[in-house]
Amino acid sequence: MSELWAGLSALCLALGSLLCLTGAVGLLRFPDFFTRIHAVGVTDTLATPLLLLGLILQLGWCLDSFKLGLVVVFVLATNPTASHAMAKAALDAGLQPQLPDPPARRQDD
Amino acid sequence: MIERLLDLFLLALLLITSLAAIRLRDLFAVVMLFGIYSLSAAALFMTLDAVDVAFTEAAVGAGITSVLMLATLRLTGRYEQPPTHSPLLPLGVVVTTGAVLIYATLDAPHFGDPTAPAQRQVAAHYLEASAGEVGVPNVVTAVLASYRGYDTLGETLVIFTAGLVVLLLLGIQPLQPHCPTRRPASEQVVLQVIVKMLIPFILLFGAYVQFHGDFGAGGGFQAGVIIATGLVLYDLVFGDGAAQQVVPPRWLPRLAAAGVLLYGGVGVYGLLKGHALLDYRVLASEPLAGQHLGILLVELGVGLTVFTVVLAIFYAFSSRGWR
Amino acid sequence: MLLAAIVAILVTMALTLLRGLLGPTACDRMLATNLFGTKTVLLIAVGGHALGWESFVDVALLYAMINFVSAIAIMRFFEYSSATAPLSTPPQRREGDHE
Amino acid sequence: MDLMVLLAGLFNYWVAIVLMMSGFYVVIARGNLVKKLVGLGLFQASVFILYISIGKVQGGHAPILGALIERYSNPLPQVLILTAIVVGVATTAVGLALIVRIRAAYGTVEEAQILAQERAEDAAQAEHPDDPA
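Chains as they are written, first to last, in the numbering used here: chain A, 1 to 109; chain B, 1 to 323; chain C, 1 to 99; chain D, 1 to 133.
Treat the hints loosely; a few may be bogus.
When the alpha-carbon atoms are kept at most 25 angstroms apart in a straight line, the in silico DMTMM-like pairs for lysine to aspartate or glutamate are as follows [to be verified]:
1. A:Lys67 to A:Glu3
2. A:Lys67 to B:Glu3
3. A:Lys88 to B:Asp240
4. B:Lys196 to A:Glu3
If the Cβ cut is set under 10 angstroms, some of the chain C residues that face chain D in the computed set are [what the hints assert, rightly or not]:
5. Gly52
6. Trp53
7. Glu54
8. Ser55
Please keep in mind that the hints were generated in silico from the structure rather than gathered at the bench.
Backbone N, C-alpha and C fix where the C-beta goes; we use that ideal spot for every residue, glycine too.
So here's chain A without its partners, still in its complex pose (with noise of 0.2 angstroms):
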């Protein structure tokens, strides 16, 4: 039984750390600033709750594990949010997505 958690947390442990690096090539390759908080705010979202999710596997039953249950909460209703708004506050702000035709598609919507 014992095992299959060891098993579980490193299953956890490895994507979560995957998500982190694959959220960061993108943020360092991608063309302009939606594209790449589009990369990080995804992943980013997934790759903590895993991360500390094979924590709280390695962990067992212990308010520790509890609190960092807590911080997964947190960071699910926060991330997503704060990319939201920071995407939604730099579009107000000016700064236009780099797209193949600009004109024509900003006009249908």
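Fit chains B, C and D to the given chain A structure using the hints.
Frame of chain A, contents of chains B, C and D only:
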């Protein structure tokens, strides 16, 4: 081994960040880098076993300082003009001073040396005797509130004075009923719903940090900042001085003074009972119980003062800058 | 596995810092700062578990909270700086000048 | 070999000193007052790092008393720095408030321009000593 790796990596990040902050002239970017700098410094404090310091640096350095600097930039302009003087003279001064300081470290005890003089003097006594004399597991809290309570009283007074000076310099401008320049972006529904849900938990966490400081990381300084941060978040998201309806500005100087008075009162009570200033043993029949009560009251005073001063500073800046 | 996770987080932090240094727009720097914050939370949590730091979870919780608040504060700065009083413009280039 | 021991033993202090000096450089070489305060903040944080590095003990734990822990790091620098951080933010706020007032009075936060305005005022005063302004 991992510890040392983390240490070196974070120090390298700090170096890169600070050198980049010198070069950039977009002050917004400089403030962003300053935020990154204090986050890495806080992570570094964790690797150096300073949990309480990391706690404080996170709340204060990354949170409040960046917010205040952005508010100032909002009022003073975002771009720095190119330097008018040649950088050679300052560079010479800096390199000389740095070389002298590095020369001075050559004789210093090495990093992590348990036999260094700094580790053997009064610190060893605190670690050995505080369990019996103060009875609080967190030695940092024991030293802060009990052994060196006199220092902390001074620091609290400095914070109180700084808050008063900011209020004198800037004042809290009266609210305007309606601001015509408000943009639709400030009416972010998603943000408002999430923040409304989170704020009670932030305040609860603040209370936890305030009262759990004897047993783990935390205490009055951090709790005050956290609770103030909760109100700052409320004000930022709901706009138009929402927080001022919760804690009206005219309360602030009184609350801050009440915090200092609570701290000082506990100290003077010891004097009146014929003991030394800030001797908590007189507060209860048993010395350890007295210490517990004294630390609780003193931390409460610190928390109240820090909370009101941070909030007053935020009101002073935001009433000029953000609306 | 924990060590691998720590290394992955450190690499992510370095790449994020690089984006923060490169810019080019202020929004990118804002994003980099926010991401650096969440990565610090992860570093504290994973590192704290691996190395046995005291009460690391409290610190991680605080970081997650502060990070959100500062993201909102930066965002507000943006909103208002573009909308209301014109900020003094730079001498030559607008965004991300490295001198 | 000797150099390696020295490097490993003093690296933290050296980095702290370099950070300190970079903050110092910003304070004395740059004219923008906000940037000067950021430099002061960098300087301040590096002093914190120096103190906490001095307090670290190899193999030590955070100074929260526990049952199975034998060696703790030094709590004293941590106490000093903890209060210094909060005092630091309070004084930074005072500095920023002063900058806001300077901007309101002079219309700029660049040191060179403020000094130029001061000199011009002094010169005007010298020419017309009776002028009350």
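Now the hints, each set against the structure:
no., hint, result
1, A:Lys67 to A:Glu3, "24 angstroms, holds"
2, A:Lys67 to B:Glu3, "24 angstroms, holds"
3, A:Lys88 to B:Asp240, "20 angstroms, holds"
4, B:Lys196 to A:Glu3, "41 angstroms, violated"
5, Gly52, "8 angstroms, holds"
6, Trp53, "6 angstroms, holds"
7, Glu54, "4 angstroms, holds"
8, Ser55, "7 angstroms, holds"
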